[in-house]
Each structure stands twice: as C-alpha cells, then as structure tokens.
Amino acid sequence: AIQMTQSPSSLSASVGDRVTITCRASQGIRNELGWYQQKPGKAPKLLIYAASSLQSGVPSRFSGRGSGTDFTLTITSLQPEDFATYYCLHDFNYPRTFGQGTKVEIK
Amino acid sequence: EVQLVESGGGLVQPGGSLRLSCAASGFTFSRFWMIWVRQAPGRGLEWVANIKQDGSLIYYVDSVKGRFTISRDNAKNSLYLQMNSLRVEDTALYYCTRDQSYSDSRGYYDAFDLWGQGTLVTVSS
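Heads up: the protein sequence lines correspond to chains A and B, in order. Using the numbering used here, read the first sequence as starting at 203 and increasing by one per residue. Using the numbering used here, read the second sequence as starting at 95 and increasing by one per residue.
Hints were generated in silico from the structure; no laboratory data involved. Glycine residues also receive a C-beta, built at the ideal position from the N, C-alpha and C atoms. Heads up, a few of these hints could be off.
[What the hints assert, rightly or not] Far from chain B, some chain A residues (derived; all Cβ distances over 12 Å): (1) Q208; (2) R220; (3) A245; (4) I250; (5) L280.
[Said to hold, decoys possible] Listed below are the simulated DSS-like cross-link pairs for lysine-lysine, each with C-alpha atoms no more than 30 Å apart in a straight line: (6) A:K309 with B:K170; (7) B:K159 with A:K309; (8) A:K309 with B:K146; (9) B:K170 with A:K305.
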C-alpha cells in the first residue's frame with residue numbers, strides 16, 4: 203500500500219498568514235491526489251482534486267501543487283474559518299490511503 | 095437536497111455484527127462509485143471500502159477483508175456495510191461518501207465530493 207506522509211502534524215498560525223502543508227507519497231502517484239478539510243465534529247470537505255484543481259465553491263486562497271511523490275496545499279491569507287485539520291488522499295490505486303492529517307491552530 | 099444519511103451504528107460486543115446503511119438523495123445514486131470511510135476517536139481518516147456503480151467491483155482495506163461486506167441497492171438509493179466479527183479497533187465514526195470522477199487533459203481522477211454526517215460504531219464489552 204502507498205504510504206502518505208504529511209508534514210507538519212500541526213502548526214500554529216495567525217489570521218492573514220500564508221500556510222503550506224506538505225504530503226509525500228511512498229511511490230509516484232502522478233497527480234492523483236486530493237486535499238480535504240475537516241472541522242471538529244464535521245464531515246470532511248473536498249478542497250482540491252487532481253493535485254491542483256479547485257473543487258467548485260472552494261475559495262481561491264486554497265491552492266495545490268505537485269506531481270509524482272511531493273505535493274503541497276497552500277492557504278494564502280489564512281481566515282478564521284480555515285482553522286481545521288487537513289488531509290491528503292491519493293486515488294492512484296487501491297487501497298486508497300490518507301495522510302495522517304495536519305492540524306492548523308490559531309496562534 | 096443532495097445528501098447522504100448514515101444509520102445503523104451503535105454499541106456491540108467484540109465478535110458481534112452490525113449493518114450500516116446510507117440513504118442517498120438528490121442525485122442519481124446509480125451513476126456513482128460509493129465508499130465507506132471511518133475515523134477512530136481522535137484519529138485520522140481511513141478508507142474502508144469502495145463499490146462500483148453496478149456492484150461488480152469492490153475493494154477493501156486489508157484490515158476488514160473477510161469480515162466486512164459492502165453492498166448497494168440502486169433501486170433504493172442505498173449503500174450498506176455489513177460488519178461481522180467486530181473488533182475493538184473497529185470502533186469509529188463511519189462515513190458514507192460519494193466518489194466523483196473528474197477528467198482533464200492530464201488524465202482521470204476520483205475524489206470524495208459528498209459526505210454524510212457519519213454513524214458511530216462502538217465495539218466494547
């Protein structure tokens with residue numbers, strides 16, 4: 203199974219900051235990766251698919267990059283509603299695997 | 095309204111069984127692969143199983159193979175997860191989710207674009 207490793211596991215940031223989260227796959231997955239946001243007590247929400255395509259309705263301050271094994275999710279100008287846990291998920295083959303999550307907290 | 099609503103969770107003893115259901119509405123259920131994802135308390139997300147539109151292809155995470163069975167009834171717009179031989183480590187919030195397909199010049203992709211609110215399964219003596 204492909205292992206997905208996110209870093210950092212958590213970070214503290216202020217409103218208005220630029221935040222970057224990294225996800226590394228244990229083998230090449232082309233650009234078959236998505237990013238999800240989960241707030242406490244809520245179901246996850248799709249932000250990005252195909253590594254860099256923004257899901258409909260998601261604010262443009264979210265962006266994704268990468269291909270192969272290394273991927274990033276960037277939030278420009280962090281907003282209060284962006285404090286949440288973020289997960290990457292590959293769709294290259296089965297089993298699908300999520301990263302362990304990155305919790306973005308208020309500084 | 096486009097939504098997924100899970101039900102069937104509860105408290106069960108180790109070795110017991112439980113059947114989860116997911117009712118879909120507001121979209122053509124039969125056009126989509128469907129998925130179960132779980133989340134143990136305070137932990138991350140884990141993909142559990144996928145089923146193709148007509149049920150002809152199914153995939154499971156290794157830890158549930160031989161114990162869990164995913165199925166669907168397109169006439170009832172419903173997804174199911176039969177869970178047998180339950181273990182303490184199966185304790186989690188189980189989400190039903192829809193697999194949306196996308197394509198562009200680079201290829202084809204899948205992503206989980208619609209989620210239910212989850213149903214809690216607790217395995218404990």
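For which of the previously enumerated hints does the structure constitute a violation, in increasing order of number? 1, 3, 4, 6, 7, 8 and 9
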